[in-house]
Every structure is written in structure tokens, then in C-alpha cells.
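Protein chains: 2
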Amino acid sequence: MTLTPNRLTNWDSFIAELNGIETIQDPNQVAKLSQDYYTFSPVLVPQLTGKVGDLVVRPANEAEVVQVAAVCAKYRVPVTIRGAGTGNYGQCVPLEGGVILDMTRLQGIPWVKPGVVRVEAGVKLAQLDKKTREIGWEIRMAPSTYRTATIGGFIAGGSGGIGSITYGQLRDRGNLLAVRVVTLEEEPRVLELRGDDVQKVNHAYGTNGIITELEIPLGPAYPWVEAIAAFPDFMSSAHFGQALGDADGLIKKLISLHADPIPTYFTALRPYIPEGSHIALLIVAEGSLEGVQALVKEYGGTITYTKSAQDAGKGFNLAEFTWNHTTLHARNVDPNLTYLQSLFPPEKDLATLEHMYHHFGDEVMMHVEFLRMGGRAVPAALQVIRFTTEERLNEIIRYHEERGIFIPNPHTYILEDGGRKAIDPVQLAFKQEVDPYGLLNPGKMRAWLEREV
Amino acid sequence: MTLTPNRLTNWDSFIAELNGIETIQDPNQVAKLSQDYYTFSPVLVPQLTGKVGDLVVRPANEAEVVQVAAVCAKYRVPVTIRGAGTGNYGQCVPLEGGVILDMTRLQGIPWVKPGVVRVEAGVKLAQLDKKTREIGWEIRMAPSTYRTATIGGFIAGGSGGIGSITYGQLRDRGNLLAVRVVTLEEEPRVLELRGDDVQKVNHAYGTNGIITELEIPLGPAYPWVEAIAAFPDFMSSAHFGQALGDADGLIKKLISLHADPIPTYFTALRPYIPEGSHIALLIVAEGSLEGVQALVKEYGGTITYTKSAQDAGKGFNLAEFTWNHTTLHARNVDPNLTYLQSLFPPEKDLATLEHMYHHFGDEVMMHVEFLRMGGRAVPAALQVIRFTTEERLNEIIRYHEERGIFIPNPHTYILEDGGRKAIDPVQLAFKQEVDPYGLLNPGKMRAWLEREV
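Protein chains in written order, with UniProt numbering: chain F, 1 to 453; chain E, 1 to 453.
Hints should not be assumed to be uniformly reliable.
With a straight-line cut-off of 25 Å between C-alpha atoms, the simulated DSS-like cross-links for lysine-lysine are [to be verified]:
1) F:Lys113 to E:Lys348
2) F:Lys314 to E:Lys113
3) F:Lys348 to E:Lys348
Which bits of chain E does chain F cover? Going by a derived footprint, with three or more residues having C-beta under 8 Å, they are [stated by the list, open to error]:
4) 160–168
5) 194–207
6) 288–301
7) 371–385
Rather than coming from a laboratory, the hints here were simulated on the basis of the structure.
Glycine included, each C-beta is placed from N, C-alpha and C at the ideal position.
So here's chain F without its partners, still in its complex pose (with noise of 0.2 Å):
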């Protein structure tokens, strides 16, 4: 059995054996395919620069899936997975070359009922919830790059976002229904995990199975209104924020809050925020808007610009200013900013966020996004950083975890490094069954390069 991924120097025969399926070999796409987004990192950026696949494979549906898992196991090259390349962490970046597996053909919905849609990985979010809206139902939560972002690289790469405050995250049981997954072997199975089972390839950044189906729980489309609130100063936006989190009878899908500076790199919001004031950018339903409206007044706000569930479709999407794009339009500004990712403790009285708040002035600017976790709103962070050194980054970073919060580190493109810090053994086991050879985005679970053999 090797354990090393082949390098081919020659891939006519290769290509020779998918009997016609889609291959990418221009250099300039090959290398296009092979990036995500991971330039938001300065720690990542030297890490991951020139780190190109050889030939882009695009398989149409699960059956071209199963063969090119075959050749690629039959020739021992790596096999990256993508969707869209939305992520922020190398997570489809190639390591060590070979293919990249291009999901985006895959285009079906087979099925969508109240409440669960069962669909194919390549499809896009904002066209799923097309699609499902029909119906009257909608993903649950989405990332702010929701109308690139494909729902299998969404499963496989990200964590949570717009709808975690309802919802909570990814990983919470319940949030994914199931998984159908072809192995990487001479003779690929193809797998369905239901229930707790999968979690074997939930958030596994595409290291041990490929995705070719999902059956994801779909939540009310209701008519959302969006909606800009100021505030004089940041703890009363957040504050507010906790109370809207908090507020059970309020239906809401984002509370992103931005201490100043911040909302200065958004130059379509400009004329709604008032000089100096921090925000909070909001989505709730329509018939929540007069409870919110009370509420934003209650902790001290004005609400500065609402757009109307009618005019959904028209002007900016607010949801493209929170989470990651925040950091998108901040970079856009300056390209020498950062960020990081903080989950707070669950806390009354904020004292912790506050602290931080206060602490690092302008090197660290507050912005927030509210989810549930464990049954609580909790605020997390992606703070926008000023970068001066990969020291600096994690110092600030041990402050933080020095103070109680949990820092899930996007500086990094190790699986378990970034995430919950501890190798998972059921993701590691599923990777031993279903990739013997260890094709599958090398490089990327420590828990495969540090296992014993």
C-alpha cells in the first residue's frame, strides 16, 4: 500500500481514462481553481502561494464522480475537492497537486418538501433557496458569500453565518440531515450517513470522502425585512444585540454588530451611519420589525435605514456586509488588515467582549455576529486586525484565550487547528476506510499525518 501520493509527470493516460469527462489543463485556470480566499491571512499567504493542482477534473454527476474516483486511486494522485473556492483557510488549496475535483456540475435537486431539501453538492446556496422558496422555505443559514458559495463546499469547508443566531452552527445535530459520499478506492463505494453519522464528514474540509449529495433541513422563508441600526456608543449596540439574541418572541436571521471604525470601509452603507457610530446590521421578519424597533430604541439607537421584504432583490444585501465580508471590504480599503475568530463566553454583562473592546484600541476593531450555541446567544468575533507580525497576531491571540475565549484560528490550514483543537477519531477512522491511500486534500488533517501505521 503507498502512503504517498504519486506526482504525475504525464497525464495523457490519465486523462484517457475518464472517457470524456470534463478536464481543465490551462495552466492559468488550473491555477485559478486551486486558490480560495485564504489572502485574507498574511500567516497563510506565504504558506500557500504557488500551490497548484496539475488538471482540473469537472464530473457531471455522482456516476462521473465514481469514475474519476477510480483513476485517481488506480494512480495514487491526490484529489482536492471544490465548490466555489469561497473559503478562507487553504481548505481547497493543493498541496501537493494533482486534481482538483470541480463539483460545480453537479446541479440536481432531486427533491424539496416542507421543511428538507435533498439536493447535489455543486449547487449554489442562493439557488437552492430559488429553488426551495417556492415552496415557502429557505436554508437555514448561509455564508455572506451565499450567492458564489455551493452547499457542499459550505458542509465541507464552513461553519455557520447568516441564520446562526436562530439556528446555531453547522456541527449542531440536526443542521445536516445527510451525506452521500463516494470512496476514494480502485472501487469507489458510494455511502449514505444519516443521523449522528454524519458528522464522519461534516466540516472534514473534503479529507476523507467526496460529497456528491446532501439532504440539508430547510427553515420558514419568511418575508425579511433589513435593517441599519446606530448607536453612540459600542456596548450599547451590543448590549442590544444580546437582548435581540436573547428576545424569544423576535424572529431574526443576522445581528452583526461594527464598532467604529469599521463601518467606514462600507462605502454603499455611508450615507445610513451617522460619523463616529457603531451598528448593528440587522435581518429580522417583517411582523419582528415594530418588536425590534422598540427594542433598538430601548438600548439607546435610531434605526438608520430599513429595506422592505418587497424590495428584497433591489440596492445592496446587508448580509454582504457582516461575517467574512466585513474583512472583504475592510481589505478592499486596506489589504494590510486581518482578522481572527473569538467566541466569547456566555455572559450577562458582556464583561468580557467589553474588555476586549477597550484593550487593543484600533489594532483590533470589534465586530460581532451573534449565534446560539448550546441553546444561548453568545457573541462571536471577527475582529478586523491591524497586521504588523505573525508574533504579534499570536500574542493578541493568547490574550484572548488567556481571558476564557475560544479562538477557532484562521491562520491556519489544519483542520484541527483551526477548528476545535483536538484531533476528532471518527473523522480520522472514516478517512482510514474511505481513503486507504490518503489521496484526499494531503496535508490538511493532522490527525491522518500524525496517526500511527
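Dock chain E against the given chain F, drawing on the hints supplied.
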């Protein structure tokens, strides 16, 4: 200004001025329509037995309500408003005779749209759902008397119920959007209250205005599955309930726990309840069922019964064994049983609940309904109690209160004594404005009885 209502001995001219609005004078009928389910309380029975109105008036629409209000104001007769009379605290028992204003003919549903419905006060909850489900929505929460209770009565006299595990209670911001109220004056006004102003009449027992129409938020009509989970010990069921309440990715409508021997009172459910077991009655979204099954297993329970969404209309309805229907079934077996209402503090280890479960033994049988309060799933209880004396009942209440458990006492018909134990200045001020003669449900609002005049 007269501040004590009149007791008319002859109603002929009163009725004449109603201009043909439907009335009922038959004493049996009037007596029946002067009742609610206060008989659950052995304390209330001696206080309320024999309290009857003089005349039932049944307006067909808001215009007729206005006319009735004008005539009642002119004659200074007390007015006790009722829907289906499914309350348990004598909310609609007339203490000083007079008119029973039966609102059940106000049957209009002016409009329904995604997430919100506009409805007249007399519409039954089940009837309302039938209409809103045509477009995929349903009311957010309902009492166990869902099939007969009216929406007006629920808002005026209820507090929450099935659905509260997701949306909290009726008093939470966002759970009641607007109320239309007729004042009790010679020239009645019709007022529309919106936003926080709805709290002026929310849960006021009809003491300060006649609710004719309401705007109610809706939740998504998931395909709901009913399930019974049996556990070998009560605390396992309790920890399971808390975990399900905290599971952000699992959609639920009901988490109702019944310590042995309460399940023995549920005759229809006996085939599904292993001898001596403690049960959880559950209503969860179809898409969440696999996740719930995994959670039941994790806590050592067994699912003994499920009813699919497709079979919703068939057989028994699990909801009708929960909330105050639990008390009803228990009292059908043993009329000496009564109940309590308790709100436990949020605790990860459920220590207070565990203490109470053990402390009183079979004198206080544990029945827990999980609900959301201030953003957290907390255990509320409607314990089934073996009643001996009022003194002993008060001793039990005191024991709970001393341990930080809030008791909204169900053994009083006084608005403030049963609920938040505090005079509500907003509701009092509104009564002074809309019911200057103090005719609406006299004797129920302590704030009015004790006001300075």
C-alpha cells in the same frame, strides 16, 4: 361618576336598547356561560361557585360590540368577557353578575400573510390554524385546549403553551403584534394598539377593554411528528428535555415530562408506556426526528410511539395530554388532585428540579413543560398535587418560593396575585382610560380595587 356597578333587576329596557343583538336569558345557559375550569382548584371552588351573570349577550361583529358597550355603560352594568371559557383561574367568572359578553360569534379572519394573521377575537385556535396552514403557517403557541379555545380568550387569559419551547410566552415582545379594543363608555371608542402598547391589554383578563380583533405572528407549519420517549428514571428524562431544549438545530414544539405515576392517568397512552417509566411527550419537526432519536438514546431513553405528520389527524393528539390537560386527565381519575404552576431557575444541572422531584414524593407529582424565557430553555412545572388542605397547599408553595422557584399561583382569581405578583401601572392607567366606571370584570384587578380615587 358611579364607581360601583349597578345590579339591574329588570333587563327589559336594557335588552330593548340592544336592538336585536342576540341574547341568552335561559338560567341554565347563563349559568353555564358564567363558568370556566376554575374547578381544577379546590381553593377557588368555594369562592366562585354560584357566581353567575344575569344575561349573556352575543354580538356578531365589532359594530354590535360597540353598541353593547354603550348600553352597558349607560346602565352601569358589569361586563365579563368570555371566549370558550377554557381558563383555569375563574378569569371569566362574573363576581358581580351583569352581562356575560360572549365573543365567539366574531369569526372573521380579515387577512393572512406569511408570518402574520389578522383575526377576530372569537375565532378558535384550531380554526385559525386551518386557515393559516393553507399558506404554510400556523400560530406560534397554543394551550392544550387548542380545539375549543378562542384567540381572544387565549391572549386575555393565557400565557403560553405548546410552542413556548421555541417562541417563549405571550407576554414576550413580538408574540402579539396588534390589538383592537372597544372602550366601555357611553360613546365607546375603538382603539388600535400596536408595538409595546399591546401590553396594556395583554393578559388583563378583559378588565380594561373589549378585544375585538388581533394581529398575531405566525410560525412555520412544519410537518410535525408526535413521539413518546420512556425513561427508566425521571432525572434522565429531565436532562434529556433540557438538552433537547438547548439543541439549536432541532425544531420542537413540545417537550413535556411526566414523572411516574402521572403517565398511569393517561388511559389512551397506556400501550406505549412501560410500567413504572417516566415519559417525555414530544412534538418535533419531521426533519428533526432522527436527531431527536439520537438524543433520546444518548440519555438512556426509548421511543415507544411516533405518529407521522401524515397521520396528524388520526388517533389521539399528544398535545392533549400536556399542559393543563395533564391535570384534567389526572382529575378524571382522582378528583382530589389539583395542580401548581412553577418556574424553575435556569440551571445546567437541574439541581432545584431534582430536589423538588424527590422532596414531596407522591404528594407533588412532577410534570414539567420546557419553555423559553429570556433566551434560554427552562423547566416550568404544572405539578399534579394530592390536595389535603389549603394550608398545606400554601406550605408547598412557600417551600418552592423559598428555593428560588417562581410560583404564578393558579389558586387565585386576582390578576396580579396569580401572575407577576406586581401591580401593573400601565394596565391600570389603561383601565382608567377605557373603563371609567369600573364595569369590566369587576373584582379581578387588584390595582383597580386598591387605587386612590
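Evaluation of the provided hints:
1. Taking the CA atoms of Lys113 of chain F and Lys348 of chain E, the gap is near 36 Å; set against the 25 Å cutoff, the hint is violated.
2. Under the criterion of a C-alpha separation no larger than 25 Å, the hint pairing Lys314 of chain F with Lys113 of chain E is consistent with the structure, at around 22 Å.
3. About 16 Å separates the Cα atoms of Lys348 of chain F and Lys348 of chain E, which keeps this hinted pair within 25 Å; it holds.
4. Check result for the region 160–168 of chain E against chain F: holds, 3 residues qualifying (beta carbon to beta carbon below 8 Å, three or more required).
5. For the region 194–207 of chain E, the stated coverage by chain F is satisfied: 3 residues place a CB nearer than 8 Å to a CB of that chain, which reaches the threshold of 3.
6. Residues of the region 288–301 of chain E with a Cβ under 8 Å from some Cβ of chain F number 6, which satisfies the need for three, so the listed coverage holds.
7. With a cut-off of 8 Å between beta carbons, the region 371–385 of chain E has 6 residues touching chain F; three or more are needed, and the interface restraint holds.
When held up to the earlier numbered hints, the structure conflicts with hint 1 and nothing else.
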